[in-house]
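Visitor: Sequence:
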Amino acid sequence: MDRALSCSITSIIRRKICQAYIKSWLISLKKINKKEERIKNASKNRKK
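Going by the working numbering, the residue at position 46 of the sequence shown is 46; the numbering climbs one at a time, nothing skipped.
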């Protein structure tokens, strides 16, 4: 019983860590995309 309980707790913690990691990864991806968009827009403005 205790073993099953500790197993479920560790799996929940692992899932939470995974979700947090994925969220931070997605946020960093969005930031990179925004930077790339800004660079693209800047180069477009220069061409005009």
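Just so you know, not all the hints are guaranteed correct.
Unchecked claim - Taking lysine-lysine and the PhoX-like style, the derived pairs with C-alpha atoms no more than 25 Å apart in a straight line are:
1) LYS34 / LYS47
2) LYS31 / LYS44
3) LYS16 / LYS30
4) LYS35 / LYS23
5) LYS40 / LYS16
6) LYS34 / LYS44
7) LYS35 / LYS16
8) LYS44 / LYS23
9) LYS30 / LYS40
10) LYS23 / LYS34
Stated by the list, open to error - Cβ pair distances, simulated, as ranges:
11) ILE27 / LYS47: 53 to 61 Å
12) ILE9 / LEU29: 28 to 36 Å
13) LYS40 / CYS18: 50 to 58 Å
14) ILE9 / GLU37: 37 to 45 Å
15) ARG14 / ASN45: 43 to 51 Å
16) THR10 / SER43: 46 to 54 Å
Hints in this document: simulated from the structure, not taken from any laboratory.
Source: prediction; values computed, not measured.
Glycine is no exception: its CB is placed at the ideal position from the N, C-alpha and C atoms.
Visitor: Regarding ILE9 and LEU29, is the given constraint of 28 to 36 Å on their beta-carbon distance met?
Guide: holds, 30 Å
Visitor: Just to be careful, I want the Cα atoms of LYS35 and LYS16 compared with a cutoff of 25 Å; is the pair within it?
Guide: violated, 29 Å
Visitor: Given the proposed pairing of LYS40 with LYS16, does the C-alpha separation stay at or below 25 Å?
Guide: violated, 36 Å
Visitor: Run the distance test for LYS30 versus LYS40: straight-line Cα separation, threshold 25 Å.
Guide: Answer holds: LYS30 to LYS40 is near 15 Å, not above 25 Å.
Visitor: How does the Cβ-Cβ distance of ARG14 and ASN45 compare with 43 to 51 Å: does it lie in that range?
Guide: holds, 47 Å
Visitor: Does the alpha-carbon distance linking LYS34 and LYS47 stay inside the 25 Å limit?
Guide: holds, 20 Å
Visitor: LYS34 and LYS44 were given as a pair; does the straight-line alpha-carbon distance stay at or below 25 Å?
Guide: Holds. LYS34 to LYS44 sits at ~15 Å (cutoff 25 Å).
Visitor: Hinted pair, alpha-carbon criterion (25 Å max): LYS23, LYS34. Please report holds or violated.
Guide: Roughly 17 Å between the alpha carbons, so the hint for LYS23 and LYS34 holds.
Visitor: Is 46 to 54 Å right for how far apart the beta carbons of THR10 and SER43 are?
Guide: holds, 49 Å
Visitor: Verify the CB-CB distance for ILE9 and GLU37 against the hinted window 37 to 45 Å.
Guide: 42 Å Cβ-Cβ, so the 37 to 45 Å window holds.
Visitor: Is the Cα-Cα distance between LYS35 and LYS23 25 Å or less?
Guide: holds, 19 Å
Visitor: Taking only the CA atoms, is the gap from LYS16 to LYS30 under or equal to 25 Å?
Guide: holds, 21 Å
In summary, the structure is inconsistent with hints 5, 7, 8, 11 and 13 from the numbered list given earlier, while agreeing with the others.
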